[in-house]
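Could you put the whole structure together from the sequences, leaning on the hints where they help?
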Amino acid sequence: MAKITVTVNGTEQVMDIEPSLLLVELLREKLRLTGTHVGCDTSQCGACTVLIDGSAVKSCTVLAVQADGAEITTVEGLAKDGELHPIQRAFSAEHALQCGFCTPGLMITAIDLLERKGAPTDADIRHAIKGNLCRCTGYHNIVSAIRSAATEMRGATTPMKVGAEVKR
Amino acid sequence: MTTATPSTYIGARTPRKEDPRLIRGSGVFTDDVTLPGMVYVSLVRSPHAHARIRRIDAAAARKEPGVVTVVTGKDAEATGVLPVFITVPGMNGSKHMPLASDRARYAGDAIAAVVADTHKAAKRAADMVTIDYEPLPVVVDATKALEPGAPILHEELGTNLVFTYPVKGGDIDKAFRDAEATVKLHIVNQRLIPNAMEPRSVVAKFEAGELTVWSSTQIPHFVQLILSVNLGLSQNKVRVIAPEVGGGFGSKLQVYAEELLIAHLAKTLGRPVKWTEDRREAYLATIHGRDLVEDVEVAAKRDGTILGVRIRTVANVGAYLQAFAPGIPTILHAFIIPGAYRIPAFDCEVRGAYTNTTPVDAYRGAGRPEATFAIERAMDRLADEIGMDPAELRRKNFVPPDAFPFTTISGITYDSGDYGPALDRALAMADYKGFEKRRAEAKARGKHRGIGLSSYVEICGLAPSKANSALGVGWGGYESARIRVHPTGAVQVFTGTSPHGQGHETSWAQIAADAIGVSPDDIEVRHGDTFESPGMGVGTFGSRSLAVGGIAVHNAAQKIREKVIQIGAHLLEASPADVVVEGGKVFVKGVPEKAKAFGEISMAAYLASNLPDGMEPGLEATTYYDPPNFTFPFGTHVAEVEVDPETGTIEIIRYSACDDCGRQINPMIVEGQLHGGITQGIGQALYETAVYDANGQLLSGSMMEYHVPTAADVPPFALDHTVTLTKTNPLGVKGIGEAGTIASTPAVVNAVIDALSPLGIKHIDMPLTAEKVWQAIRKAGEARR
Amino acid sequence: MITHPFTYAAPTTIDEAVKALGRSRDAKVLAGGHSLIPLMKLGLAEPELLVDIGRIASLREIKSEDGAIVVGALATHRSIADSSTIGKALTALAEAAAAVGDLQVRSRGTIGGSLAHADPAADEPAPTLAFDATIRVIGPKGRRDIPAREFFKETFETALGPNEIVVEIRFPAPAGHAGSAYAKFPHPASGFAIVGVAALVAVKSDGTIDRAAIGVTGAAAGPFRATAAERALVGTRGDASAIGAAAAKAAEGVTMLADLTASSEFRKQLVMVHTRRALERALERARG
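Chains as they are written, first to last, in this note's numbering: chain A, 1 to 168; chain B, 1 to 785; chain C, 1 to 288.
Please keep in mind that the hints were generated in silico from the structure rather than gathered at the bench. Incorrect hints may appear among the rest.
No farther apart than 27 Å at their CA atoms in a straight line, the calculated lysine-lysine pairs in the DSS-like style are these [to be verified]:
1) A:Lys30 with B:Lys123
2) B:Lys17 with A:Lys80
3) B:Lys779 with C:Lys268
4) B:Lys466 with B:Lys168
5) C:Lys268 with B:Lys762
6) B:Lys396 with B:Lys727
7) B:Lys267 with B:Lys63
8) C:Lys268 with B:Lys772
9) A:Lys30 with A:Lys80
Chain B is faced by these chain A residues, among others (derived, beta-carbon under 10 Å) [as the list claims (entries may be wrong)]:
10) Cys40
11) Ala93
12) Cys99
13) Pro104
All residues carry an ideal CB built from backbone N, CA and C; glycine is no exception.
Pasting the structure below:
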């Protein structure tokens with residue numbers, strides 16, 4: 001067993017865990033944050049994407065022990081004080097989700113992109129979300145949603161940062 | 001073309017009611033359900049595609065820490081057999097048990113279930129189960145499976161032939177005798193893996209004599225029915241819940257082995273049980289789609305008039321027949337091949353074959369993409385043969401608008417259609433006329449550019465129950481709805497459909513809102529729980545939900561509306577004919593200031609002290625709608641591609657589509673269905689294929705190998721529509737869930753072949769991968785040397 | 001899910017890490033984990049001990065030092081792709097890092113992990129070879145520098161000794177008018193390189209090519225230098241026919257892999273085409 005401290009969606013968690021526990025298992029099974037999904041076993045689908053210290057990563061390919069000391073943001077942590085993040089609003093407004101299974105991972109990847117590139121082209125967006133598979137939407141409206149969230153985030157007067165800054 | 005009549009909510013781009021929970025991550029999928037005392041199942045699956053099971057030794061597994069029990073086929077016979085809902089004439093059915101006990105028939109066939117306190121312990125112990133197999137000869141190819149001497153999968157049948165299914169009309173011999181031009185094509189409509197993003201999952205608990213099962217399914221009522229019958233439980237004691245379901249595409253249109261098994265284990269162990277497949281398991285043990293080999297021949301005149309179509313098909317059903325498998329290559333394929341065209345003679349024969357592969361059943365489109373691919377590739381080949389423009393050839397053979405209702409040569413009656421305008425619009429969107437200039441410009445850059453189209457007619461709205469019965473479908477094709485208006489005016493709609501991304505909570509609310517005159521915001525749509533919904537729901541598949549389930553909602557809402565009018569008229573002391581229901585109010589025409597609020601009417605219905613004479617109290621309605629006919633959406637899609645001859649890489653430059661699904665309830669949702677459908681069709685055309693080796697091992701067994709399209713693989717889509725209302729139902733709606741998949745595959749392949757036709761290339765088997773395209777170009781170059 | 005139990009150590013210095021590795025016969029180094037964790041999930045790697053070097057902060061650095069650009073083993077693909085230092089001097093490396101997997105994998109996967117794992121379809125070995133980088137490793141016997149050409153052996157095999165850890169990769173900054181590029185044909189599903197070619201060229205003031213280095217990954221059992229192509233190019237003016245002739249030799253003498261996506265014949269074609277494309281872009285940059 002290993003003792004770790006992680007901050008998940010702003011709440012510090014101290015836990016004793018098996019080293020073999022994956023971060024996604026910690027989130028889903030120990031913390032019951034089931035908005036982060038598992039869609040494959042080979043790091044392809046991106047349904048498990050979360051932010052670790054501000055970067056989008058596949059939580060199925062990270063040991064929970066590796067996240068010791070990190071700040072983690074999951075889909076449950078996107079809305080602040082009940083107000084949806086612009087990417088959440090845009091996904092709904094643009095009908096960028098159907099079954100909703102891939103949606104949390106896609107929104108998280110999109111946030112990573114938009115935090116670093118305020119005005120991405122459609123090609124940038126499509127390239128950035130290559131690691132998130134969606135079988136329902138054909139991506140058309142997802143691209144529109146990310147584009148529209150980018151516009152909103154650029155115009156935002158308050159910073160829309162999610163999670164912590166990347167530690168350098 | 002007709003126009004939809006105006007309505008308040010139908011036709012609006014209403015944001016989805018489903019979204020708030022899904023974008024917050026609070027939607028509950030089956031694997032998110034965790035119950036106290038729950039145990040977990042890991043299945044031991046056969047590594048062999050065909051083997052006799054000599055002995056199963058689970059002693060070591062049973063000793064592993066945390067293991068509760070290990071169950072084999074012999075222990076689990078109480079689950080009964082897996083159901084098959086369709087019987088075609090002369091069918092050789094297979095006995096399919098959730099756990100194979102004597103023989104494994106495909107790599108992935110489940111042999112034993114390990115139950116443990118944790119998922120990890122179950123998985124670890126599953127590796128400790130030792131099975132002594134005697135490998136048997138394997139056959140994976142359907143055509144080879146039908147040859148003499150092929151290994152037989154089901155010895156009691158003595159053959160691998162599942163069925164021979166003919167559909168004929170007109171004089172096919174005369175058609176070919178009179179032909180001035182004929183074309184022949186050999187088509188491999190390759191096997192696909194559905195890849196719904198949510199893996200399948202089942203949770204079951206048995207408490208106080210009541211079985212509750214959460215399952216990632218498209219058909220909770222069928223699961224409930226079969227669990228009740230097979231496990232010997234009274235149906236009222238079996239509750240099946242389809243919570244959030246993460247995509248289905250036909251792959252969750254089953255009563256699966258795991259559903260029976262997990263329910264059985266919960267019942268016998270008395271503890272809640274969970275099983276969730278991993279993706280590798282999904283590739284092996286969740287159904288696959290397509291896998292047909294077709295030989296198509298077309299007889300025509302030199303002016304392009306089609307005289308007849310002959311087609312011989314071999315369908316690979318896999319190792320066992322799954323629930324709807326017998327109906328896919330037959331009913332949903334053979335009958336629809338004539339498509340949008342007037343074809344005077346038709347001769348189709350489909351043979352089904354068992355092979356040592358994962359069972360094949362419905363995958364988005366299910367039979368109709370295969371049919372459309374066959375006819376639309378044949379149209380292009382014919383156009384090439386007689387030197388006619390492919391669009392003109394299609395136009396020439398279209399069923400003309402004045403011919404409806406039109407009975408096709410395969411015997412199906414299209415109630416309505418107007419194919420020319422959709423073709424014209426799609427061609428205009430695609431700038432079809434300006435294409436040759438773009439081809440020349442690409443050539444100057446060293447690229448081959450091509451344009452391709454496909455015109456389709458889809459058969460949706462499955463299905464009139466009598467037609468079902470005549471075709472061998474062992475259940476009605478109706479759908480149910482129940483609307484409950486509470487005393488305060490709160491409205492709940494319960495539907496028998498079981499959405500998994502289609503947005504029924506939104507669309508059904510729009511339909512009900514228009515009928516009962518309240519806002520969709522004030523209507524809650526509930527689904528996927530057999531304890532709430534009407535007695536039977538059929539489910540969501542075959543683009544049927546709107547044209548059948550949506551109409552059931554409409555009809556139930558009309559009943560509510562009638563009663564609201566009656567009560568309103570009574571309270572307002574007016575004639576029902578003069579009463580208007582609008583904006584949450586009921587009033588006499590022209591006197592809106594003296595309105596009764598909807599809530600006052602509903603309260604009156606339950607106070608029951610002041611109702612019209614003889615009226616029952618309450619405000620509730622249940623309907624079952626059985627459609628009088630199928631519906632027939634149609635459209636034309638145009639793809640434009642560029643091929644890099646050096647690497648064989650294909651880029652879709654432009655994609656234009658004009659579809660006609662009748663009235664659109666929520667255009668935003670319609671477009672979303674098309675985008676996703678088109679992408680899956682592109683996947684088949686260019687990227688996806690399930691590959692087995694000769695030993696029956698699935699080589700494309702993970703997302704590392706099987707190419708599910710990514711955002712970078714598909715273009716944006718330009719969509720337009722025409723609106724031709726069907727007369728079959730009161731809303732004029734037809735269905736749109738599968739149209740994109742049906743239309744896009746041939747459009748894209750036709751575009752690639754068009755790009756390469758200057759090189760003399762006539763055909764490349766799907767998927768048109770880089771290497772296949774490069775090899776074809778190279779061979780064409782050698783041939784011309 | 002990883003069903004196999006293991007012990008875990010997270011040292012904060014390289015020395016501790018080397019010592020920790022010595023504690024088990026079956027220990028593995030964990031960097032970003034994007035090669036190792038997938039293998040462990042599939043049960044293809046079952047180490048007894050994992051030594052996580054992720055806490056050794058100094059290994060993340062990217063810096064210029066003595067005419068070389070030194071990339072720490074823990075530099076992520078993403079930080080390499082985004083580094084302006086690397087983008088300017090080692091364009092092919094930046095492009096290769098940007099071509100790895102997807103955004104999430106690049107956020108977490110590291111160059112050191114990728115090189116040590118030696119997947120024959122990994123991207124970064126190609127520029128590592130083309131730039132004649134040196135892989136600095138530290139082990140029980142101390143520090144040694146392994147030239148890239150000696151580092152890569154067969155599939156999943158390197159010159160790393162027992163309990164040696166890759167600590168940094170030293171890329172000599174190309175001198176003179178040099179340019180580089182990476183051209184890739186990815187596996188359509190996994191994103192790994194079916195073929196990846198990193199080309200580095202330097203031109204003299206008269207426009208002739210005085211140096212060419214071509215590293216190829218994905219095509220064979222291990223990454224290789226396309227030496228025949230390099231030789232064919234040096235001394236030419238790098239016109240279309242010279243590049244074409246050189247590219248045609250890029251797969252010379254190398255046994256190409258074959259799999260479901262690409263036969264050996266097709267891989268050879270892709271090596272030639274991508275060599276040409278990488279050379280064209282590299283030359284443009286060298287002349288730019």
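Results of checking the hints against the structure:
Straight-line distance between C-alpha atoms of lysine 30 (chain A) and lysine 123 (chain B) comes to about 19 Å, which keeps the hinted pair within the 27 Å bound. A threshold of 27 Å between alpha carbons decides the hint, and for lysine 17 (chain B) with lysine 80 (chain A) the separation of about 21 Å falls inside it, so the pair holds. Distance restraint check for lysine 779 (chain B) and lysine 268 (chain C): the Cα-Cα separation of roughly 16 Å lies within the 27 Å cut-off, and the hinted pair is therefore satisfied. For the given pair, lysine 466 (chain B) sits about 21 Å from lysine 168 (chain B) by alpha-carbon distance, which is consistent with the 27 Å threshold.
A C-alpha spacing of about 26 Å is found between lysine 268 (chain C) and lysine 762 (chain B), which places the hinted pair at or below 27 Å, so the restraint holds. With a C-alpha separation of about 25 Å, the suggested pair lysine 396 (chain B) and lysine 727 (chain B) falls inside the 27 Å cut-off, and the hint holds. For the proposed pair lysine 267 (chain B) and lysine 63 (chain B), the alpha carbon gap of about 23 Å is at most 27 Å, so the pair holds. A threshold of 27 Å between alpha carbons decides the hint, and for lysine 268 (chain C) with lysine 772 (chain B) the separation of about 15 Å falls inside it, so the pair holds.
A C-alpha spacing of about 23 Å is found between lysine 30 (chain A) and lysine 80 (chain A), which places the hinted pair at or below 27 Å, so the restraint holds. A cut of 10 Å between beta carbons decides the hint on cysteine 40 (chain A): the least distance to chain B is about 4 Å, and the hint holds. Of the supplied interface hints, the one on alanine 93 (chain A) holds, with its beta-carbon coming within about 7 Å of a beta-carbon of chain B, less than 10 Å. At a threshold of 10 Å, the smallest CB-CB gap from cysteine 99 (chain A) to chain B is about 3 Å, leaving the interface hint in force.
Evaluation of the proline 104 (chain A) hint against chain B yields a held restraint, the C-beta minimum of about 5 Å falling below 10 Å.
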